[in-house]
Amino acid sequence: MMSLVMLMLPRYVPEGVPSLPISISATIPRRTYCDEESLLLVLTLSILTQLLLVAYVGFGILQPCSLRQRQLNEWHRRRFASFIFRRLLRNLDDVLAPGHPAGVQGIPATKRLEHCLWVSGQVDNAVQIFRRDALKVLHPCQDLSSHLAGDLYFVLEEEELELTSAGYGYTDANVNAGNHAAKVEVTEELLMSLLYPERAVVAE
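Its first residue numbered 2, the sequence shown is counted upward by one per residue in my numbering.
One or more hints might be untrue.
Derived DEER-like restraints, expressed as beta-carbon distance ranges [claimed, not checked]:
no.: 1; residue 1: Ile130; residue 2: Ala56; range: 43 to 49 Å
no.: 2; residue 1: Leu52; residue 2: Asn126; range: 33 to 39 Å
no.: 3; residue 1: Leu42; residue 2: Ser147; range: 49 to 55 Å
no.: 4; residue 1: Ser67; residue 2: Arg113; range: 36 to 42 Å
no.: 5; residue 1: Ser166; residue 2: Ser67; range: 36 to 42 Å
To be clear, the hints were calculated from the coordinates, so they are not data collected in a lab. Treat the numbers as computed from the prediction; the structure is a model and nothing was measured. Don't be surprised by glycine CBs; every beta carbon is placed ideally from N, CA and C.
Work the whole structure out from these sequences, hints included.
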């Protein structure tokens, strides 16, 4: 019994048996938990997490702004389309309206040809200006989500007031139809039919 107790003692070494070191640190190699590679990995993951968080927050902030900018530019685009249509009507009425001073009544026969050429030039000029601006509506050269797109459809207040005072206001974009006036919505389809009437004929 005594021999069993002595064997259990930490310092007991039987005779003839070399003693073993009892230090755990000497027998078990120390494990390095925070070596250089692990630290770099942790730092890399932390940086990537921060970047993803910043990108997510930035997307959440910029996306609504981009949507609002697009909606605002779409409104300017529709208003500009209405403006150029009303301007075309006003310019054509100034030249071709019945009873207008631009008519041939009262013009000497020797000058009627010259007057007709002048009227034709005025009509052609009005149509070409309309075509130029209508193409900007149908084929924007800027993304409608950008701030630059708003500059394409800028309308001077003086020009808008001039049309309004002449009866071609934004809320008065009407075309006479018999004895009543029919309001015209200036859509892309309408602009396409005015720019390319031959396509409308083929479609019919």
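Consistency of the hints with the structure:
1. Ile130 <-> Ala56: 43 to 49 Å: 46 Å Cβ-Cβ, so the 43 to 49 Å window holds.
2. Leu52 <-> Asn126: 33 to 39 Å: 57 Å, violated
3. Leu42 <-> Ser147: 49 to 55 Å: 41 Å, violated
4. Ser67 <-> Arg113: 36 to 42 Å: For Arg113 against Ser67, whose Cβ atoms are near 58 Å apart, the range 36 to 42 Å is violated.
5. Ser166 <-> Ser67: 36 to 42 Å: At roughly 37 Å between Cβ atoms, Ser67 and Ser166 fall inside 36 to 42 Å, so the hint holds.
Checked against the numbered hints above, the structure breaks hints 2, 3, 4 and satisfies the rest.
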